[in-house]
Amino acid sequence: MSDESEVMSTDIMSTGDRLIYMANQIARNLAAQRDADVQTAEHIRKYWTGAMRARLQELAAERPDALSPIAAQALRRIAV
Amino acid sequence: MSFSRETDHGTPAAIATGKSVTLTIDGQSVTLPEGTSIMRAASLTGGSIPKLCATDSMDSFGSCRLCLVEVEGRNGYPASCTTPVAEGMVVRTQTERLKQLRRGVMELYISDHPLDCLTCGANGDCELQDQAGAVGLRDVRYGYDGATNMGQAKDQSNPYFDFDPSKCIVCSRCVRACEEVQGTFALTIEGMGFDSKVSPSQGEDFLGSECVSCGACVQACPTASLIEKSVVEVGTPDRAIVTTCAYCGVGCTFRAEMRGEELVRMVPWKDGKANRGHSCVKGRFAWGYAQHQDRILNPMIRASVSEPWREVSWEEAIAHTASEFRRIQGKYGTRSIGGITSSRCTNEETFLVQKLIRQGFGNNNVDTCARVCHSPTGYGLSQTFGTSAGTQDFDSVMQADVILVIGANPTDGHPVFASRMKKRLRQGAKLIVMDPRRTDLVKSPHVEAEHHLPLRPGTNVAMLTAMAHVIVTEKLYDEAFIRERCDWDEFTDWADFVSEAVRSPEAIEPLTGVKADEVRAAARLYATGGNGAIYYGLGVTEHSQGSSTVMAIANLAMATGNVGREGVGVNPLRGQNNVQGACDMGSFPHEFSGYRHVSDTATRALFEQAWGVSLDAEPGLRIPNMLDAATDGTFKGLFVQGEDILQSDPNTHHVAAGLAAMECVVVQDLFLNETANYAHIFLPGSTFLEKDGTFTNAERRIQRVRQVMAPLNGYADWEIVQLVANAMGLDWTYDHPAQIMDEIAALTPTFAGVHYDRLEAEGSLQWPANDAAPDGTPTMHIDGFVRGKGKFVVTDYVPTDEKTGPRFPLLLTTGRILSHYNVGAQTRRTANTAWHPEDRLEIHPSDADNRGLKDGDWVTLRSRAGETTLRALVTERVAPGVVYTTFHHPETQANVITTDYSDWATNCPEYKVTAVQVMASNGPSDWQRDYADQARTSRRIAPLEAAE
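Line by line, the protein sequences are chains A and B.
Per my numbering, the first sequence runs over residues 1 to 80.
Per my numbering, the second sequence runs over residues 1001 to 1948.
Don't read these hints as lab results, they were simulated from the structure.
Worth double-checking, as some hints may not be accurate.
Pairwise CB distance ranges (calculated) [said to hold, decoys possible]: (1) 17(A) / 1006(B): 36 to 46 Å; (2) 1316(B) / 65(A): 26 to 36 Å; (3) 73(A) / 1891(B): 46 to 56 Å; (4) 1489(B) / 65(A): 45 to 55 Å; (5) 1618(B) / 73(A): 19 to 29 Å.
Some chain A residues well away from chain B (every beta-carbon gap over 10 Å; in silico) [stated by the list, open to error]: (6) 38; (7) 59; (8) 73.
Think about it this way: if two alpha-carbon atoms lie no more than 30 Å apart in a straight line, the pair counts; the simulated DSS-like pairs of lysine-lysine are [unchecked claim]: (9) 1789(B) / 46(A); (10) 1331(B) / 46(A); (11) 1273(B) / 1197(B); (12) 1019(B) / 1331(B).
From the three backbone atoms N, C-alpha and C, an ideal C-beta is built for every residue, glycine too.
Turn these sequences into a full structure, and let the hints steer you where they fit.
Dropping the structure here:
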């Protein structure tokens, strides 16, 4: 187990940080699927509001390293 | 409904063998199922044999000797309750000799019974009194001067019923009810012969005993020995109305027995298909909150939460609500407001709230408390099976051979179903419990789990995948079922995945802390032990991998062919009374009623045509998203019906910050709950006793809720929502909830056949109920899965990000207790507090010793999110490294501790895993003191100004 200092306390997580966390969490849980990026994109499209998706796009542009490869690829699919 | 007792046939129906016998009873030829007792046979053919120790909820006992009959060709006078019918048998139930014998028996009973009928609480509702009349007893020859059992002290310790040993006839019905119906074994007959008497536990009083106050003994008692205090105080009832309990997802039906307009008692309805005549302490007794002095009966408004409330007329409150919501939308946009539906309200009310939001607010910002409990069930079962519901009815458990209980504590959370499960276990079914805690099911009288897998919180997916590993690698799967019913390629992908050595029980033992041999044995038992049934609860869903766990469970059931018939299946034990219904009714922000996505053009067109507006095709905000958007300044108004998100939702600081950032929070509730501390408008709600409607239980069973008294606040909740809707410019004209259900049926394919006349005729219907299944669907997926082929989903174990470490070395998991319900708003306002006056922190003795803590000490419980204080309960029910508490009391606010981590797919909070530290404490935390002050200030109500 890692020390708690490695983990951000959730009560100070900003909305932007939370959106990135959620996208990465979805991607991480779908990573074992054959088409993880497609499923991640589909999940975000199906359950997130348009404003949340748009904000994630902005955040991805501002912080290109914040998203995992699967989440980033999913976001590119959503943008298409 | 006028008052009449339910017919008691004396003994239960015979176990079906398919054979029948023909006999003659009092000259009448009858044909009945083999195994039927003579007593039941006589009753079914319109006769009535006197009885005292017999009742049809329990096996015959044959002790009272009042039910003697004559059988041609047999010597003596056999007891009709213990004698089964036989082919060609000739029975006489009324002869002069039998009359003499019965009078003699009754004479003995009455000789040791106080003759205070006129002043007895059960006068007119007493089987002993009735039977004395039935046998024609006119005199007692023995006198009353000898030794008797009269004058013994009453046990009045239980807050809901009294025990008067003087009136006990030692028929053992109470003892047997506790054993056979409830399964607690709290009562016994102490002493021998004349000294025999009923005793809770080892000579304790009822309150101090193991008695769980389910009321089965009171219901079984044929005299006034065990009697409800309310009957003593109010008198015997004169009318009864059948309705559905508003606690928990079991959905027990009760006879609300009234005297005039006063509720005397709630008696479980024998014909109720969910509860089969049984009850728990909450539904049976804890209804006093409905008339509690804390209820708010007048609407109130205020400009800011720092001001006291001001009582206003309904007209002003409704107009202000509409005006505020429209003002906010005008200023911040259509999507700046939303609402939360209630799993405690009816289907019809829930449907109207989501309709108000979709049609009136013009967006999909609607969510419900299932977000924080069973939303992963909806997601997981929809992905794998194709529908968001459990597969069985409760009766199914009686056909199960192996019962796998995962993350559920049914004896506390779903006690009436737990009693049936325990009955099946006593009949020989095997039990596997997967739970970090040693729950009562693991070992209790006459029930012991074959395997208890006390896994480390947060490792459900690893554990279930390891079980799958055993089933696949040892070729215990049901290939024929899989090939016929599931996608074979998806199965092989999944099988390859779970077969990898890293997913074996041995490999995951360091993660879960459970011995690999035990996991292997449990997997083998589930796969090969006959009908395997899985029951699960919030210990599955309230994790960062809640949805994955549900899918892993579905994978196991499909792999072993345990879906699509009685005795098997995947059964989520739903928490609140109508959480299934709230989900069915379109309470989620991404779907309409019947689980159809808002982006589906055809579905949207259907609703648009019915409602006459254009509907939003974008999913709306979930509750945590609403709170985030509020702190970001884009979400400004919230309508909350019958929920208390400040107490029930995780990370209280986050919830409070979100609510505080809104310009208009409207709370519709019975009480000024914790959320109302941040509200600007309060609309008084009505109780389940005060309105008509339907609830849908965990079996998908839709049952009527019937009004038994007028709403104290003036309106049923559905009427209040209609007033708000019309004030916002809609044109709703519902006169009765039946019309709302008609609209639901017209718009929801799975409810197409659900109408009030059908519910009246059938008693209940389990959806889908439509042209394809006119009588409803007790068991789902019989001929095929709803989605077509069952889908195996690869579920990789992803550890939670909530980590223990030096500062937070323990894992907190939260849950509930038998006597309380959810946030306790109802049960804390009843005598149920006698059993649980405060939340306590369960901690293992070794963890307590390490911290110098003793049982009952005040402790500080601290996580990264916050801290609170409460008293410790040192117990081995929890494993070392794990602590547990409930969230029933706002003074504790357990959710100050829980975090924002949530299920990856649904954002269901990870209540079951919070890294914490526990240390000795001298008193309440600063937060608790501040919150208590704030709550006190916020609940002030300004005195009414005198009229000029």
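Looking only at beta-carbon atoms, does the pair residue 1316(B), residue 65(A) fall within the given range of 26 to 36 Å? Violated - the Cβ-Cβ distance for residue 1316(B) and residue 65(A), about 55 Å, lies outside 26 to 36 Å.
Look at the Cβ atoms of residue 1489(B) and residue 65(A) and judge whether their distance stays inside 45 to 55 Å. violated (36 Å)
Are the Cα positions of residue 1331(B) and residue 46(A) separated by 30 Å at most? Holds. Residue 1331(B) to residue 46(A) sits at ~28 Å (cutoff 30 Å).
Beyond 10 Å from each Cβ of chain B, as asserted for residue 73(A): holds (17 Å)
Confirm or reject the statement that residue 59(A) sits farther than 10 Å, beta carbon to beta carbon, from all of chain B. Nearest chain B Cβ is 13 Å from residue 59(A), so the label holds.
If I take the minimum Cβ distance from residue 38(A) to any residue of chain B, is it greater than 10 Å? Holds, since 15 Å exceeds 10 Å.
Mind checking the alpha carbons of residue 1789(B) and residue 46(A) for me, to see if they're no more than 30 Å apart? Roughly 22 Å between the alpha carbons, so the hint for residue 1789(B) and residue 46(A) holds.
Check whether the Cα positions of residue 1273(B) and residue 1197(B) lie no farther apart than 30 Å. violated (34 Å)
Does the hinted range 19 to 29 Å hold for residue 1618(B) and residue 73(A) at CB? This hint holds: roughly 23 Å between Cβ atoms.
Does the hinted range 36 to 46 Å hold for residue 17(A) and residue 1006(B) at CB? violated (60 Å)
Would you check the hint for residue 1019(B) and residue 1331(B), treating anything up to 30 Å between C-alpha atoms as holding? The hint is violated at about 74 Å.
Does the beta carbon distance between residue 73(A) and residue 1891(B) stay inside 46 to 56 Å, or does it fall outside? Holds, since residue 73(A) and residue 1891(B) (Cβ atoms, about 49 Å apart) stay within the stated range.
Of the numbered hints listed earlier, those contradicted by the structure are 1, 2, 4, 11, 12.
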